[in-house]
Structures are given as structure tokens and as C-alpha cells.
Amino acid sequence: MHVTVSQPPPQSSPSVLPASGSDALAPALDVRGLTKRFGGRTAFSDVSFCVGYGEVFGFLGPNGAGKTTTVRTLGTLIAPTSGSGLVAGMPLDPEHAAEIRQQISIMPEAPGLYLRLTVTENLEFFAGLYGLRRPTARIDEALEAVNLAERANDLCGSLSKGLRQRVALARALLSDPAIMFLDEPTSGLDPLATREVEDLISGLRQRGVTIFLTTHRLEEAERLCDRVAIINATLQTVGRPHELRDQFFKKALVVETEAPLEDPERLFANLPGAESWHADERGGYVVSVSNPRAAAPELTRLLVRVGADVISIGESQHSLEDVYLELIEDDVEAHRR
Amino acid sequence: MSLDTIHIRSVIRKELREYRRNRFIIGTMAVSPVLFLALPIINIFALPASVSSSMLDKRLGLSLLYMLLIPATVPAALASYSVVVEREQGTLEPLLTTPISREELLLGKASAAMLPSVVIAYTAFGVFLASVRLFANANVATAVFDQSSVLLAQALFTPLLAGWSIWAGIAISSRSSDVRVAQQLGTLASVPPLAIVALMSFRVIEPTLALAVALGVGLLAIDSVAWRVVSAMFDRERLITGAKRSATSQPIRTTERPPT
Numbered sequence: 001m002h003v004t005v006s007q008p009p010p011q012s013s014p015s016v017l018p019a020s021g022s023d024a025l026a027p028a029l030d031v032r033g034l035t036k037r038f039g040g041r042t043a044f045s046d047v048s049f050c051v052g053y054g055e056v057f058g059f060l061g062p063n064g065a066g067k068t069t070t071v072r073t074l075g076t077l078i079a080p081t082s083g084s085g086l087v088a089g090m091p092l093d094p095e096h097a098a099e100i101r102q103q104i105s106i107m108p109e110a111p112g113l114y115l116r117l118t119v120t121e122n123l124e125f126f127a128g129l130y131g132l133r134r135p136t137a138r139i140d141e142a143l144e145a146v147n148l149a150e151r152a153n154d155l156c157g158s159l160s161k162g163l164r165q166r167v168a169l170a171r172a173l174l175s176d177p178a179i180m181f182l183d184e185p186t187s188g189l190d191p192l193a194t195r196e197v198e199d200l201i202s203g204l205r206q207r208g209v210t211i212f213l214t215t216h217r218l219e220e221a222e223r224l225c226d227r228v229a230i231i232n233a234t235l236q237t238v239g240r241p242h243e244l245r246d247q248f249f250k251k252a253l254v255v256e257t258e259a260p261l262e263d264p265e266r267l268f269a270n271l272p273g274a275e276s277w278h279a280d281e282r283g284g285y286v287v288s289v290s291n292p293r294a295a296a297p298e299l300t301r302l303l304v305r306v307g308a309d310v311i312s313i314g315e316s317q318h319s320l321e322d323v324y325l326e327l328i329e330d331d332v333e334a335h336r337r
Numbered sequence: 338m339s340l341d342t343i344h345i346r347s348v349i350r351k352e353l354r355e356y357r358r359n360r361f362i363i364g365t366m367a368v369s370p371v372l373f374l375a376l377p378i379i380n381i382f383a384l385p386a387s388v389s390s391s392m393l394d395k396r397l398g399l400s401l402l403y404m405l406l407i408p409a410t411v412p413a414a415l416a417s418y419s420v421v422v423e424r425e426q427g428t429l430e431p432l433l434t435t436p437i438s439r440e441e442l443l444l445g446k447a448s449a450a451m452l453p454s455v456v457i458a459y460t461a462f463g464v465f466l467a468s469v470r471l472f473a474n475a476n477v478a479t480a481v482f483d484q485s486s487v488l489l490a491q492a493l494f495t496p497l498l499a500g501w502s503i504w505a506g507i508a509i510s511s512r513s514s515d516v517r518v519a520q521q522l523g524t525l526a527s528v529p530p531l532a533i534v535a536l537m538s539f540r541v542i543e544p545t546l547a548l549a550v551a552l553g554v555g556l557l558a559i560d561s562v563a564w565r566v567v568s569a570m571f572d573r574e575r576l577i578t579g580a581k582r583s584a585t586s587q588p589i590r591t592t593e594r595p596p597t
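Protein chains in written order, with the working numbering: chain A, 1 to 337; chain B, 338 to 597.
Take these hints with a grain of salt, some might be off.
Covered, in the sense of this in silico footprint (three residues per stretch, anywhere, with C-beta under 8 Å from a C-beta of chain A), are these stretches of chain B [to be verified]: (1) 351-364; (2) 424-434; (3) 561-572.
Simulated pairs of lysine to any residue, SDA-like, Cα-Cα distance not exceeding 25 Å [said to hold, decoys possible]: (4) Lys161(A) - Arg151(A); (5) Lys161(A) - Ile542(B); (6) Lys250(A) - Ser319(A); (7) Lys161(A) - Ser485(B); (8) Lys251(A) - Leu204(A); (9) Lys251(A) - Asp199(A); (10) Lys161(A) - Leu471(B); (11) Lys161(A) - Gly427(B); (12) Lys161(A) - Glu109(A); (13) Lys251(A) - Gln426(B); (14) Lys161(A) - Arg358(B); (15) Lys251(A) - Ser319(A); (16) Lys161(A) - Arg217(A); (17) Lys161(A) - Ser369(B); (18) Lys250(A) - Leu325(A); (19) Lys250(A) - Arg151(A); (20) Lys395(B) - Arg512(B); (21) Lys161(A) - Lys395(B); (22) Lys250(A) - Asp322(A); (23) Lys251(A) - Glu219(A); (24) Lys250(A) - Lys161(A); (25) Lys395(B) - Ile542(B); (26) Lys161(A) - Leu204(A); (27) Lys251(A) - Ala279(A); (28) Lys161(A) - Glu99(A); (29) Lys161(A) - Arg133(A); (30) Lys250(A) - Val310(A); (31) Lys161(A) - Arg134(A); (32) Lys395(B) - Asp515(B); (33) Lys161(A) - Ile577(B); (34) Lys250(A) - Thr194(A); (35) Lys161(A) - Ala492(B); (36) Lys161(A) - Leu429(B); (37) Lys250(A) - Leu204(A); (38) Lys161(A) - Gln426(B); (39) Lys250(A) - Pro297(A).
Simulated from the structure, these hints should not be mistaken for laboratory data. Predicted model, so just to flag it, every value in this text is computed and none were measured. Cβ coordinates follow ideal geometry from the N, Cα and C atoms, glycine included.
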């Protein structure tokens, strides 16, 4: 399935452009019809999207949807079966694999640290692999960025899971990458550690780093991402979270009254701009309207006029999670059929 | 193919740091040399002054063969541990996402396994020769040092046998998912080249200097080919996913830059 991809946000300041001097007009990621099969099993199929420099792009999907395989493919770890792409302005092919890897960094779901080495030793090793000749200042900077300077000489094996995740993030920052792929960076973390990692991602966003974030924490994606893509082997949709909410759910007012209305059909028919209504599971009413802000005062007047005891009137709030569940459930249903 | 020395040096430094803090590795590096040094020394010291030439040849051959087990087995243990442990502790994926080439990575790992192994093997050999010179029966010591071609072959074969063991170990480690299995298979794979050395040691093949050099050159060639073969086998996709790159997987190409 090809999905109409909304345009990436406009280029922000020149400081967010990659240091390599690649074409400033090229998107950070441009993927066309990418497919990966392992024998008879399709990991993902016909995936197309674009990510602009400086954008935080969320890649959402259930377990086994192909998120990690997509990251590995874009990171040149595995070869796609078909399709094409540009990563940091370079064609996604074996000839450019090393150059691409120089421009990106991937933080896998598991931190993958050498537990017998200290935090600094881990970072020194990776600094060498990125060809940094005098890495001390860069390592100090990365540790400062993740608030780990005080633990620099601790063995990674002695750190908590949250701290290890921070070291992995520092490692991903070392090479000053044009694009960072963060694969479920808050997976398995407690709420406090999760918030810390999210704050770090927000900080990176402010520094203009392009972030490709895979997660199944939808509230996290909603908070952090400029745009999100939802995948379940095929791409289901791409867009800004609020656009997706508007696209998938009608605008509506939710009314809660002390007692059931005598004739809700007639009442809501008199409301200008009302499109339809239904009772919700808590005994309230959901009235679809084209403009909730304009309709709310009129609805209040109508309710007062019929003598209803109104407890609350508010605009119906749909989250990214609602969009996600709608799409994934529809997709599962379609596959069953 | 160009090799970046910063990449290689980084891998060597990291591996040596890890060895230093790994009790199992330290144990392997300490116990087997002591064992393979003690047996030859006892073997030579037990010889009487009036030993026959054929008996001396036999004992010396056996002793030197024991000593060659050090450069065969110690690096095999290190090398067979080197890749599989990265997979086990989840460090392989971050490592493979960096710009290091597989040749650089493998050369770094091989060099890190080679350095301590060769130092240990030569130290053990030196201790053996010093012990014979200082403490063995004078006639026996003179007879041992007269066998210069055998001793030279020993010195020559030490790094070359270590090279073989390392490449065999890394190849096994790249294909294994269990550290212990990899180390057992790695140790087993390190033994075959010892067969030729054994034939020389027991005088089935006459150990001339020319033959030792020729065999050394052969082993060097095998080590070089092994590096390239193991590098070719080192497939990022298979190491990460456990699946072979399928026949339909092809390098994707972009013929034109898409509009932005």
C-alpha cells in the first residue's frame, strides 16, 4: 500500500544541516517502496516516507510490525529485498554503506555496552570506530549531555538499566550524527528513567538533530514527534499527530447530564452544525459537529432550555493511541477477511 | 581495500581491556601455559646423562610438541570467544552500525588475540630453554641446543600456528551462538596444523631448516587466505538477524534523486 506522505516540515536553521556538506535540499531520509523479506516471511513491504532534517519522526507499530528491521535496513545492517532510499543524502546501497554509517548513529533497544569496561572506555572505543582522533573533549560533551559526567569512571556493569540507556545515548551522540535512530529507547525503563530519556530526546530536538524514533509508547510519540508513521508490515499512515486525529475522528462535543434527556433526537436536531449523535457507554451523549467551539454555547442554551441538569460539556479528545488502535485493528480485521 | 589504523587500534585496545578483566580469559592464559611448560621440562629433566640419540630426539620432539600447544590452544580460546560473546552480550549490533569495515574489525580482534598468545608462548619457550640450559644434565642440554633447526622451527611456527588458530576460532565464533561450544570447537580446529609439526618432531619428516622455512611460508599463506575467507564469511545481516542474505535481496540503487 502506498501512503500519501505529508511534507516534512520546512528546513529550520542551517545549523541542523549535516556537517558533511551534503545537499541541503535533500531530505534526511527518503524511502521509496522499501521491502524486506526473510525467505517467505515479509518483515515490511512497500514502505515509503520522507523525513526532513531536524525533524523528530516517530515510527510506530505493534510488536513484529517491522520497525526494528526498517531501522536496521536504513542503518545498512541488512539489505532490502527491493525499493530505494536516500539516507543523509546518500543512496542506500553497499557502496555507500560505510559513508552512511559515518553520518548516522543507531541506539538499539538493548544498550549493548561492554559491561567490563568503564563508561569512558566504552565511549573511547566507539570514538575510535568513528575515527575521532582526540576524543576526550567529545566524550566529556556527550557525558555532560546525558548528565553522566560523574559516573564516567564507573564500570558499565555496575550501572542501572536507566543509566546504561543514558550511556548508549551518549555513545549515539559521540559522532555528532546527522540522523539518530532510536529503537525503543525507553523500553523496560521505569517512569522516572523514561522521563529522563524523553527529556534528553527533547534536548536533542532543540539542538536540531534528526531523530527517527521507533516506539510503541504512543503518548511518548505524541509528546516528542513532529510527525509519526504507523506501520504494521505495510505503512498505514504518515502525518502530524493532530492531523491524524482530525483525519480519523470527527470533531464532537461530549455532554454529560444528571439524568437521561427526554428527547435527545429532537434536541440535537435543533443544534446548528450538528451532524450526528450517539449515546456513550457512560450515559452521556457524543454530538458530532463541524465546529465544536461555535456549537458549544448553543448546545448549552438548548440543554438549559429543556431543563437538563448539565454536569459537563466538552470537546471530545482523541489521542494518537485512538488513531493507532483504529488503524491496527482495521488492518488486523482486513487480514482476517 | 584501505585499512584505517585508528579503527584497528581501537578494537585491539578494547579487546585487551576486556581480556584483562575477564577471569575466564586470564585463567586460560595462565593455566594452559603452565601445564604445557611443566610437562616438557619434566620430560627432559628425567633423561639420564647417557641417553641415546634416538631417545633424546623422541623426548625433545614430544616436549616441543607440547610447547606448540600453547600458541595453538591459547589464541583459539580467545578468538573463538571474540565474536560470539559480542552477540551474547548484545554489543554486536552497536558495533556493526559503526563505519568500521569487517576486515578492520577482524584484524583488530585477531591482533588482540595474537599479542598475548605469542608473548606467552615465547616466554614459555624461553623458560623451557633456560631451564634446560641451567638445570638439565649437561649432556642433555648440549644435545638439545645442537638441534638448532628444530628450535628455529619452533620459534617460526609459534606465531603462524597462533594465526591459524585465531582465524579458525573467529570463523567458528562468527557462526556460533554459544560461547562454550565455540571455544570447544575452536580448540579442536586449532589442532590439525600440529600434525605436520608432529611429523617433524618425531622425525617422520626430516626437520631441516629449509623444510621448516618452507612449512612456515605455507602456514603464512594459509593465515593470509584465512583472513580473507573469514572476512568474506562475516556477513552483517546474518550476524544480526541469524538469517542469510536471501537470493532476492539485492543492493538497492537510486538512479535519480527524488524530488524534495
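Numbers of unmet hints, in rising order: When the structure is compared with the hints, numbers 3, 5, 7, 8, 9, 10, 13, 17, 19, 20, 21, 24, 28, 29, 31, 32, 34, 35, 37 turn out to be violated.
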